[in-house]
Amino acid sequence: MHYILSAVIRGAIPFIIMSIFSGIMKLQHIDDYSVTSTFITGLIITAVAATSVIYDVESWSLKKQSVVHFLIILVTVYPCLVFSGWFPTKSILDLVKIFGFLLNVGIILWTISYILFGRILK
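Using the working numbering, the letters of the sequence shown map in sequence onto residues 1 to 122.
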């Protein structure tokens with residue numbers, strides 16, 4: 001239960017902030033694409049922030065934490081990318097390219113985090 005509450009708090013903060021930004025943009029009559037993009041960015045940040053709680057589960061190995069995190073990101077962030085309008089989605093190959101983009105960015109960010117937090121924790 002502690003992890004769920006922590007995930008909700010971690011996710012709620014960016015969700016609220018980005019939703020407010022989107023609402024302000026809408027009230028200022030900024031184009032719909034920018035408003036939607038800001039909101040979708042907020043959803044992505046929310047998912048990433050909320051799932052970061054997985055790395056607090058000390059009884060899990062880093063491998064298990066990473067796999068569970070990836071699977072949650074796959075079912076939350078991947079659809080955001082597919083429906084965002086940021087990438088073409090006219091074919092299965094386009095969807096595979098989006099998955100490749102998600103995978104590459106994830107590997108890069110995971111590696112950077114592993115190096116940085118590995119040095120900080122030592």
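Misleading hints may appear alongside valid ones.
What the hints assert, rightly or not - The calculated label-pair distances, taken between Cβ atoms and stated as ranges, are: (1) Ser-91 to Glu-58: 42 to 50 Å; (2) Gln-28 to Val-96: 34 to 42 Å; (3) Ser-6 to Phe-70: 31 to 39 Å; (4) Ile-107 to Trp-60: 31 to 39 Å.
Hints listed in this document are in silico derivations from the structure and should not be mistaken for laboratory results. Where a beta carbon is used, it is the ideal one built from N, C-alpha and C, also for glycine.
Honestly, do Ser-6 and Phe-70 meet the 31 to 39 Å range at C-beta?
Once the Cβ atoms are compared, 19 Å apart, the range 31 to 39 Å for Phe-70 and Ser-6 is violated.
Go ahead and decide if the range 42 to 50 Å is satisfied by the Cβ distance of Ser-91 to Glu-58.
Hint holds: Cβ distance 43 Å, inside 42 to 50 Å.
Pairwise beta carbon distance, Ile-107 to Trp-60, judged against the given window 31 to 39 Å:
violated, 20 Å
For the range 34 to 42 Å, tell me whether the beta carbons of Gln-28 and Val-96 fit it or not.
Because 37 Å falls inside the window, the suggested range holds.
Consistency with the previously given hints fails for numbers 3 and 4, ordered from lowest to highest.
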